[in-house]
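Every letter in the sequence shown is one number past the one before it in my numbering, and letter 24, counting from 1, is 24.
Hints in this document: simulated from the structure, not taken from any laboratory.
Treat the hints with care, since some could be wrong.
Label-pair restraints from in silico Cβ distances [said to hold, decoys possible]:
no.	residue 1	residue 2	range
1	R37	P107	21 to 31 angstroms
2	D129	T14	46 to 56 angstroms
3	R112	G35	40 to 50 angstroms
4	K101	A44	42 to 52 angstroms
5	A57	K12	42 to 52 angstroms
Mimicking SDA-like on lysine to any residue, the simulated pairs with C-alpha atoms at most 25 angstroms apart in a straight line are [unchecked claim]:
no.	residue 1	residue 2
6	K101	R88
7	K66	A113
8	K12	R88
Backbone N, C-alpha and C define an ideal beta-carbon position, used for all residues, glycine too.
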Amino acid sequence: MRSLLYKIRKQKMTVGKYKDKEVYTAIPTGRERVGHREFCEEVARATTFTGAEVEAALRLAAEVAKRHVENGESVDFGDIGTLTPTFRSHAVPKAEDFDPKRHITRPMVRLRASRRYFTITHASYERADDTPGHAPSEPAKPGDTVTAKPE
Numbered sequence: 001m002r003s004l005l006y007k008i009r010k011q012k013m014t015v016g017k018y019k020d021k022e023v024y025t026a027i028p029t030g031r032e033r034v035g036h037r038e039f040c041e042e043v044a045r046a047t048t049f050t051g052a053e054v055e056a057a058l059r060l061a062a063e064v065a066k067r068h069v070e071n072g073e074s075v076d077f078g079d080i081g082t083l084t085p086t087f088r089s090h091a092v093p094k095a096e097d098f099d100p101k102r103h104i105t106r107p108m109v110r111l112r113a114s115r116r117y118f119t120i121t122h123a124s125y126e127r128a129d130d131t132p133g134h135a136p137s138e139p140a141k142p143g144d145t146v147t148a149k150p151e
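With these hints in hand, go ahead and build the complete structure from the sequences.
As structure tokens, this is what we get:
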């Protein structure tokens with residue numbers, strides 16, 4: 001398993017015990033993106049389906065789930081989580097002044113990801129240093145406390 005890459009970011013805190021102080025925090029950096037077709041082919045290699053069949057099944061599942069959410073229903077999407085409808089609403093001073101066509105905006109599908117499924121365990125970390133001439137630090141082992149030293 002590869003390490004999760006991170007960079008150190010300096011920021012000024014606005015709340016808490018470090019309010020108005022500059023602190024350093026780690027932020028994750030992206031590696032590469034796995035494309036949809038590549039993902040489907042990888043799933044297909046572990047099943048009796050072809051990549052196209054996996055892609056079709058995923059597309060159909062997404063369309064059916066979206067249709068249910070558009071009808072106001074929540075959809076339990078298994079290990080992935082729950083899909084629910086949501087929107088933004090503007091405030092009005094009186095209930096009788098509320099016009100849904102004007103005051104409800106941005107309807108969308110929200111994924112409430114499964115905490116159990118989307119919590120990364122057994123991760124190691126590697127600092128992605130984009131300063132020329134710096135080599136990445138040694139990967140930290142799972143459970144290690146990683147402390148960052150500002151440069």
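Hints versus structure:
As the Cβ distance of R37 to P107 is approximately 30 angstroms, the hint placing it in 21 to 31 angstroms holds. A C-beta distance of roughly 27 angstroms is found between D129 and T14, which places it outside the suggested range of 46 to 56 angstroms. Separation of R112 from G35 is about 26 angstroms and departs from the stated range, judged on CB atoms against 40 to 50 angstroms. One distance hint, 42 to 52 angstroms for the beta-carbon pair K101 and A44, holds here, with the actual separation near 45 angstroms.
Between A57 and K12 the beta carbons are some 48 angstroms apart, a value that agrees with the proposed interval 42 to 52 angstroms. For the suggested pair K101 and R88, the alpha carbons sit about 12 angstroms apart, so the restraint of at most 25 angstroms is met. As the CA atoms of K66 and A113 are separated by approximately 16 angstroms, the hinted pair is consistent with the 25 angstroms bound. Between K12 and R88, the direct Cα distance comes to roughly 30 angstroms. Violation of the 25 angstroms bound is thereby established for this hinted pair.
Taken one by one, the earlier hints fail for this structure at numbers 2, 3 and 8, listed in ascending order.
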